[in-house]
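There are 2 protein chains.
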Amino acid sequence: MATLNDVAEEAGVSPTAVSRYLNNRIELPQATRDRIDAAIAKLDYRPNLLAKRLSTGKTEAISLVTPEIANPFFAELAAAVEAEAERHGYAVYISSTGGSRAKEIDALNRLRDQHVDGLIMMTNQPDDGTLARLLKGAGNVVLLDEDVPDVAVPRVFVENVEGAYLAANHLIELGHDDIALISGPAELFSVRERLAGFERAMDEARLPVRAHWILLKDYSRQFGYEAMRWLLKQSPRPTAVLACSDYLAIGALKAVREAGLTVPGDISLVGFDDMPFAELVDPPLTTVRQPIADMGRIAFERLMAVLNKTPAPALTRLPVELVVRKSVAPAKRKTN
Amino acid sequence: MATLNDVAEEAGVSPTAVSRYLNNRIELPQATRDRIDAAIAKLDYRPNLLAKRLSTGKTEAISLVTPEIANPFFAELAAAVEAEAERHGYAVYISSTGGSRAKEIDALNRLRDQHVDGLIMMTNQPDDGTLARLLKGAGNVVLLDEDVPDVAVPRVFVENVEGAYLAANHLIELGHDDIALISGPAELFSVRERLAGFERAMDEARLPVRAHWILLKDYSRQFGYEAMRWLLKQSPRPTAVLACSDYLAIGALKAVREAGLTVPGDISLVGFDDMPFAELVDPPLTTVRQPIADMGRIAFERLMAVLNKTPAPALTRLPVELVVRKSVAPAKRKTN
DNA sequence: AAATGCAAGTAAAGCGGTTTACATAGCGAT
DNA sequence: ATCGCTATGTAAACCGCTTTACTTGCATTT
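Order-wise, the sequence lines are chains A and B. Position 205 (the first sequence) corresponds to 205 in the UniProt record's numbering; numbering is contiguous. Position 258 (the second sequence) corresponds to 258 in the UniProt record's numbering; numbering is contiguous.
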């Protein structure tokens, strides 16, 4: 591969001149420019990014850490960040932590080593302080979708409270009054917010929130499945379930089907996220849509603001929207 | 951040000694080792990867180009490659091309710039020769899942012919004789292979392959939808459809549902891939499973072989398996 | 006592760029 | 004839690490 020196030699100028010309730090007469351009073309020169990065200390790259890239919600989010980054000439290094704390820490350390300019972090499990400490050390961080307490960086979240409120209200309006909730770990910010939205809707309708029908563990299909199995065994059982992620809802759906029951015939179900497959499952899932493309775009914008030391809001809330499909039916009349 | 020089100074030795010690290229007495270790710990030293890579010309990183990371099939494949790469201490840079030729080329060029050691390439569209030329120039490439003609690199594919044969036979055994096929672009290797498997099954059963029921365009949900809509309008229409990817099958499913018909009641459907959501759609999809984890692992192994100039098979075929779920029913008796 | 060999390092160049500070030529003004 | 200015560059250090070739001191052999 040709180097800057080769180009300089070929063009009969100094490497300095070529470098400065390529970075627009010098005005050269047309003749010289032409010679350099010709040399570059002839040698098929491409700057060595490694060398450039080492020299400037800037990488024009960011890192994106996601719990699980195979989860379509995160995959779409990653794609959205990447699309925006590309428009700005930034590379994105995606790392997927498999939801394990150790791998999150790994990813953060590796990031320090790879010398990226910044980091967009998504997590889906509560932090015991480790993550916060690492993130403070890392600098140039933006949190997306989920909070990590005690770290002063820009955050991009959706209106979790509003989302759960809309979902619960939808169920209530259709006559449901025994509503269960399945969600992630109690310590997680989004879990608490969504729970708050649920409770607000129930309170406003003067419906009781039954503690034993609030099932919190993690945002996984497996837990959605287990939780729903448990709920179906109760008597009386809830007439509707609010699952606080589509993954949970899909697991729940499987449990219902296995029990020989149907959604929404026997039990109504609302999800949260509107991941790409929500409309394809059986039945198409009524769910709360998060604006994935906007989230990715805005998270990247916020990171750019941090990098350029431009002022930017510390917290951005993106609106959600209830998407009504086929997984909710009106409650059956009580046989009093 | 502390540098190697800082460590050397702190430990009272030369940078050379530290470098060689860290890379196991020198035997030092315990006392010296201890001093260096102490200095590293004290300064919280981490080697600058950029500098290391520039210096050695090795990056311990590979690039993975995928058509679309938001497609769960590719996302899982990417995760599998990443898992294996991590075991070997390699970083993986994922780029997602959105199925556009221009972006594939971009990705390959960027790769040259990023100086990765190697590349695992997945594509899902036919090549006009551009890609082949670039890949030849790139070196250290492995093709995964799909072929690019005329480039002599190791390939990892599944038994496409066998897969389609199994799927078609399954339909035939259940009495179907009017079977349509929906697949990707005719020029694509996997499309031709799967078509061959289909035709072989039909021939063996002495069933006619009707040319107007071979619908080839691209591996997208949209095309699956359009193709199925068209098929449903025909009279008589096929009693079963073999969709050569789950994405196609899912689009087809949507068309059936919109037409007020059901799978498998009115028409049977088999997919191909067994992506994670295949069992979650309505009805759970009967499909041909590709061994995603193995594909990722073996592709990485092949790339390592190329990098280490170890001999490795030019072509590896991984077995597929028919997963019977609920999207196929026995053919109804003909009302002669 | 000189030669030999080994252990324990080190000096300096190089990877491919960037950047700071300086150089030279040509030209108009005085 | 000289001064100073602008246009057009250049030399050399540096980013942080690796690596080749060399040095130094000491114990052992002859």
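Hints were generated in silico from the structure; no laboratory data involved. A hint or two may mislead.
Claimed, not checked - One-sided excerpt, in silico: chain A residues whose CB lies under 10 Å from chain B:
#	residue
1	Lys42
2	Leu43
3	Arg53
4	Ala61
5	Pro72
6	Phe74
7	Arg101
8	His115
9	Asp117
Claimed, not checked - Pairs of lysine-lysine, DSS-like flavour, derived with a Cα cap of 25 Å:
#	chain 1	residue 1	chain 2	residue 2
10	B	Lys254	A	Lys326
11	B	Lys326	B	Lys254
12	A	Lys254	B	Lys254
Ideal Cβ placement from N, Cα and C applies to all residues, glycine included.
Just to be careful, I want the Cα atoms of Lys254 (chain B) and Lys326 (chain A) compared with a cutoff of 25 Å; is the pair within it?
holds, 14 Å
Can you verify the interface hint for Phe74 (chain A): is its Cβ closer than 10 Å to any Cβ in chain B?
holds, 9 Å
Hinted contact His115 (chain A) with chain B - closest CB pair below 10 Å:
holds, 5 Å
Close enough to count: is the Cβ of Arg101 (chain A) nearer than 10 Å to one in chain B?
This hint is violated: Arg101 (chain A) lies away from chain B, its Cβ roughly 16 Å from the closest one there, beyond 10 Å.
Interface restraint verdict for Pro72 (chain A) against chain B (beta-carbon cut-off 10 Å):
holds, 6 Å
Verify the proposed pairing of Lys326 (chain B) with Lys254 (chain B), using a straight-line Cα cut of 25 Å.
Holds, because 16 Å separates the two Cα atoms, which is no more than 25 Å.
Can you verify the interface hint for Lys42 (chain A): is its Cβ closer than 10 Å to any Cβ in chain B?
Hint on Lys42 (chain A): violated, closest Cβ of chain B at ~17 Å, above 10 Å.
A closest beta-carbon separation below 10 Å is what the hint needs, so does Ala61 (chain A) meet it against chain B?
With a minimum Cβ separation of about 9 Å from chain B (threshold 10 Å), the hint on Ala61 (chain A) holds.
Identify whether the interface hint at Asp117 (chain A) stands, where standing means a beta carbon of chain B within less than 10 Å of its own.
violated, 12 Å
Can Leu43 (chain A) be said to touch chain B, with a Cβ gap under 10 Å?
violated, 14 Å
Starting from Lys254 (chain A), check that the Cα of Lys254 (chain B) is at most 25 Å away, please.
holds, 20 Å
Double-check Arg53 (chain A) for me: the hint is only fine if its C-beta lies closer than 10 Å to a C-beta in chain B.
holds, 5 Å
Taken one by one, the earlier hints fail for this structure at numbers 1, 2, 7, 9, listed in ascending order.
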